[in-house]
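Chemist: Sequence:
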Amino acid sequence: MAIKYKEIADRLEKEIQEGKFNQTKKLPTEEEMIKEFEVSRNTIRKAVTQLVNRGYIYQVQGSGMFLREESVTDYINLGSLRGLTKDLKSKKVETKVLSLHVVEADELTAKGLRCAPETKLYYVKRLRIVDDEPFSIEISYFKKDVVPYLNEEIASSSIYSYLIDDLKLNIGFADKVINCEKTDEESAELLHIDPFDPALIIENTVCLTNGTIFEWSKSIFHFQKAKILNRINFK
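Numbering of the sequence shown is given in this note's numbering, commencing with residue 1 and proceeding in unit increments.
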């Protein structure tokens with residue numbers, strides 16, 4: 001069962017995208033949303049935090065919750081766990097599945113996923129293409145006891161939509177590590193850059209709301225195309 005505050009955040013996100021609040025440029029008050037959704041104040045505040053992290057709104061104490069101006073340029077949002085398709089919503093995002101099969105965790109992946117060696121994992125390697133140009137390579141490992149089924153059709157679309165909408169996983173939080181590396185020949189060929197050109201790397205360790213790690217992944221971005229956004233709110 002999906003967590004209520006996430007359901008509310010998803011509904012409000014959809015309404016923001018559809019322009020429901022364009023005239024006022026602000027969301028209803030907490031009291032109005034408590035009555036509308038028939039939930040507690042804490043649930044509404046958690047939903048609002050989700051929208052802040054996704055970059056849709058900002059809060060002004062005593063005045064309300066206002067829509068942020070949309071940026072002309074799309075960015076990879078570090079505060080989001082909703083995938084590239086959501087982050088680059090104004091662009092055409094396509095996916096080419098390079099490899100998908102079940103493997104046993106070796107020493108490295110077992111350490112990353114905090115699991116026993118030989119644990120069954122789904123290994124997925126994908127090329128993400130944005131506006132007909134190679135954008136990133138994603139290499140992901142999913143615990144098979146949490147994600148029991150993946151196929152090429154799912155991997156060619158949005159894996160996270162499948163995890164949330166079909167498997168009903170309650171995805172909670174992630175640790176993200178950013179660094180730069182020189183690109184190997186295989187990755188350079190896929191990204192249409194020169195071997196040993198720099199690449200922006202984001203490593204993700206993603207957990208369910210109960211703290212269970214279910215994904216360990218590495219994304220290799222075209223150094224000339226990827227831009228990172230991290231929204232920071234000062235309390």
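The set of hints was computed from the structure by calculation and includes no laboratory data.
Predicted, not measured: the structure shown is a model, and the values here were computed from it.
Each residue gets a CB set at the ideal place from its N, CA and C atoms; glycine is no exception.
It is possible that part of the hints are untrue.
Claimed, not checked - Straight-line Cα separation of at most 20 Å, PhoX-like style, residue types lysine-lysine; simulated pairs: (1) K35 x K20; (2) K120 x K20; (3) K176 x K96; (4) K89 x K111.
What the hints assert, rightly or not - Computed spacing ranges between beta-carbons, pair by pair: (5) E69 x K91: 17 to 25 Å; (6) N151 x N179: 42 to 50 Å; (7) E181 x D132: 39 to 47 Å; (8) E31 x Q224: 42 to 50 Å; (9) N170 x K89: 41 to 49 Å; (10) F223 x K96: 41 to 49 Å; (11) E18 x S161: 14 to 22 Å; (12) T29 x F223: 21 to 29 Å; (13) G64 x P195: 14 to 22 Å; (14) K92 x I201: 34 to 42 Å; (15) G64 x D184: 24 to 32 Å; (16) C180 x P148: 15 to 23 Å.
Chemist: Hint by hint, note whether the structure agrees.
Modeler: Consistency of the hints with the structure:
Of the pairs offered as hints, the one joining K35 and K20 holds, with about 18 Å between alpha carbons and a cut-off of 20 Å not exceeded. Only pairs whose Cα atoms come within 20 Å are accepted, and K120 paired with K20 is rejected, the gap being roughly 45 Å. Taken as a hint, the K176 and K96 pair is broken in the structure, with Cα atoms around 24 Å apart against an allowance of 20 Å. Of the pairs offered as hints, the one joining K89 and K111 is violated, with about 34 Å between alpha carbons and a cut-off of 20 Å exceeded.
About 19 Å separates the C-beta atoms of E69 and K91, a value consistent with the hinted range of 17 to 25 Å. The beta-carbon spacing between N151 and N179, approximately 32 Å, falls outside the hinted interval of 42 to 50 Å. Checked against the hint of 39 to 47 Å, the C-beta distance between E181 and D132 comes to roughly 26 Å, which is inconsistent with it. Separation of E31 from Q224 is about 48 Å and conforms to the stated range, judged on CB atoms against 42 to 50 Å.
Restraint check, N170 to K89: a C-beta distance of roughly 23 Å breaks the suggested window 41 to 49 Å. Separated by about 20 Å at the C-beta atoms, F223 and K96 break the suggested range of 41 to 49 Å. Checked against the hint of 14 to 22 Å, the pair E18 and S161 passes, with Cβ atoms roughly 18 Å apart. For the pair T29 and F223, the beta carbons lie near 44 Å from each other, so the given range of 21 to 29 Å is not met.
Separated by about 52 Å at the C-beta atoms, G64 and P195 break the suggested range of 14 to 22 Å. The hint said 34 to 42 Å for the Cβ distance between K92 and I201, and at roughly 24 Å that hint is violated. Judged by the Cβ atoms, the range 24 to 32 Å given for G64 and D184 is violated: they are separated by roughly 50 Å. The hinted window of 15 to 23 Å between C180 and P148 is violated, with their beta carbons roughly 35 Å apart.
In terms of the numbered hints stated before, the structure departs from hints 2, 3, 4, 6, 7, 9, 10, 12, 13, 14, 15 and 16, listed from lowest to highest.
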